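Residue numbering for the sequence shown follows our numbering, starting at 1 and increasing by one per position.
FYI, nobody ran anything at the bench for these hints, they're computed from the structure.
Quick caveat: nothing in here was measured; it's all calculated off a predicted structure.
Ideal Cβ positions, reconstructed from N, Cα and C, are used throughout, including at glycine.
A portion of the hints provided could be inaccurate.
[Unchecked claim] Label-pair ranges, simulated between beta-carbon atoms:
1) Thr175 x Leu213: 15 to 23 Å
2) Thr92 x Arg126: 19 to 27 Å
3) Glu179 x Ser42: 37 to 45 Å
4) Glu122 x Ile191: 41 to 49 Å
5) Glu138 x Glu193: 39 to 47 Å
6) Ser42 x Val292: 23 to 31 Å
7) Leu159 x Ala60: 29 to 37 Å
8) Phe40 x Ala178: 32 to 40 Å
9) Pro70 x Leu213: 16 to 24 Å
10) Glu179 x Glu100: 28 to 36 Å
11) Glu118 x Glu162: 52 to 60 Å
12) Ala182 x Gly77: 13 to 21 Å
[Claimed, not checked] No more than 30 Å apart at the CA atoms, straight line, and that leaves these computed lysine-lysine pairs for DSSO-like:
13) Lys64 x Lys111
14) Lys81 x Lys111
15) Lys64 x Lys81
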Amino acid sequence: MQQDVIIIGGSYAGMAAALQLLRARRRGLIIDEGIRRNRFASHSHGFLGQDGIDPAEIAATARKQLLTYPTLTFVDGRAEKASGENDAFVVTTAEGASYEGRRLLFATGVKDGLPAIEGLSERWGRSAFHCPYCHGYELNEGEIAVIAASPMSIHQAQLIPEWGTVTFFTNGIVTPDAEARADLLRRGVAINETPVARLEGHADVVLTDGRRLAFSGLFVATRTTPASDIAERFGCEIEETPMGLQIRVTSAKETTIPGAYACGDVGRVPHSVSLAVGDGAWAGAQLHRSLVFG
Numbered sequence: 001m002q003q004d005v006i007i008i009g010g011s012y013a014g015m016a017a018a019l020q021l022l023r024a025r026r027r028g029l030i031i032d033e034g035i036r037r038n039r040f041a042s043h044s045h046g047f048l049g050q051d052g053i054d055p056a057e058i059a060a061t062a063r064k065q066l067l068t069y070p071t072l073t074f075v076d077g078r079a080e081k082a083s084g085e086n087d088a089f090v091v092t093t094a095e096g097a098s099y100e101g102r103r104l105l106f107a108t109g110v111k112d113g114l115p116a117i118e119g120l121s122e123r124w125g126r127s128a129f130h131c132p133y134c135h136g137y138e139l140n141e142g143e144i145a146v147i148a149a150s151p152m153s154i155h156q157a158q159l160i161p162e163w164g165t166v167t168f169f170t171n172g173i174v175t176p177d178a179e180a181r182a183d184l185l186r187r188g189v190a191i192n193e194t195p196v197a198r199l200e201g202h203a204d205v206v207l208t209d210g211r212r213l214a215f216s217g218l219f220v221a222t223r224t225t226p227a228s229d230i231a232e233r234f235g236c237e238i239e240e241t242p243m244g245l246q247i248r249v250t251s252a253k254e255t256t257i258p259g260a261y262a263c264g265d266v267g268r269v270p271h272s273v274s275l276a277v278g279d280g281a282w283a284g285a286q287l288h289r290s291l292v293f294g
């Protein structure tokens, strides 16, 4: 049976898009391999009505609610290939199953490229973060480290004093010019240019000169890339943003391939659960309109 929409990725954005279509009694198929970007975090913050809830619980509740709609098909698996054209798309999974759909939505999310700092990956989502709006409040205005990973890190160091007392480790990645340095100092940011050797303990920064500095938490600006390359292999144009790579979309969330759309972290910046849900809801409405008006 041909679906109205095939959604590749069943996390927050993909499910939010599906909800709009299901409530219009359209047939939707979600293919999801179950790897959420925020799987390392035990609590989600900044999402109205769900503040402090385990993100896995938010996703599970959403899926349970969607499955009450009879026009939904939910497939657990990895979408491997997309082909076809508007009104006649085909998606093939890694298991070899093929599905047909009139429209296609990429909601694959992104993955975080962490700088090569020993101990960072083990603390990611627990005491090391990228979004202060999601995790800054819980640091209780304590000592916070910002470790440079890209030119965006200067902006991060300028923003995060809202949540505590900040030390900015340039780590040989960035060299603030006179204007940026003066601005950081005005905001009370301490600038440390000694390279970081590794992270230990809860959020301790060990420097190459042997010093060990303890923090309540730390922030790193990651470089993001689509969690799957299926859209790029299909021919969707990929664009560079200050935060990394994403699928190029119009204001209606359509990619450079007619009838194929993208939403959530893979189709917008900046990123958060609440922004992904809103973007997914908008994409779902735009997809529905395309089915109605052509």
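Go ahead and decide if the range 52 to 60 Å is satisfied by the Cβ distance of Glu118 to Glu162.
Check failed, 29 Å falls outside 52 to 60 Å.
Does the Cβ pair Thr92, Arg126 satisfy 19 to 27 Å?
Violated: the Cβ-Cβ distance is about 37 Å, outside 19 to 27 Å.
Is the Cα-Cα distance between Lys64 and Lys111 30 Å or less?
Within the cut-off at roughly 25 Å; holds.
Given the hint of 28 to 36 Å, check if Glu179 and Glu100 actually sit that far apart at their C-beta atoms.
At roughly 56 Å between Cβ atoms, Glu100 and Glu179 fall outside 28 to 36 Å, so the hint is violated.
Hint check for Ala60 and Leu159 - Cβ pair distance inside 29 to 37 Å:
holds, 32 Å
Holds or violated: Lys64 to Lys81, with C-alpha atoms at most 30 Å apart:
Answer holds: Lys64 to Lys81 is near 27 Å, not above 30 Å.
Ser42 paired with Val292, Cβ distance criterion 23 to 31 Å:
violated, 41 Å
Decide if the proposed pair is consistent with the structure: Lys81 and Lys111, CA atoms, cutoff 30 Å inclusive.
holds, 19 Å
Is it true that Phe40 and Ala178 lie within 32 to 40 Å of each other by Cβ?
holds, 38 Å
So the hint says 16 to 24 Å: do the beta-carbon atoms of Pro70 and Leu213 match that?
violated, 57 Å
I want to verify a distance hint. Is the separation of the beta carbons of Glu138 and Glu193 within 39 to 47 Å?
Since Glu138 and Glu193 have Cβ atoms about 29 Å apart, the given range 39 to 47 Å is violated.
Glu122 versus Ile191 beta-carbon gap, inside 41 to 49 Å or not
Given a distance of about 26 Å, which is not inside 41 to 49 Å, the answer is violated.
Violated hints for the displayed structure, listed by number in ascending order: 2, 4, 5, 6, 9, 10, 11 and 12.
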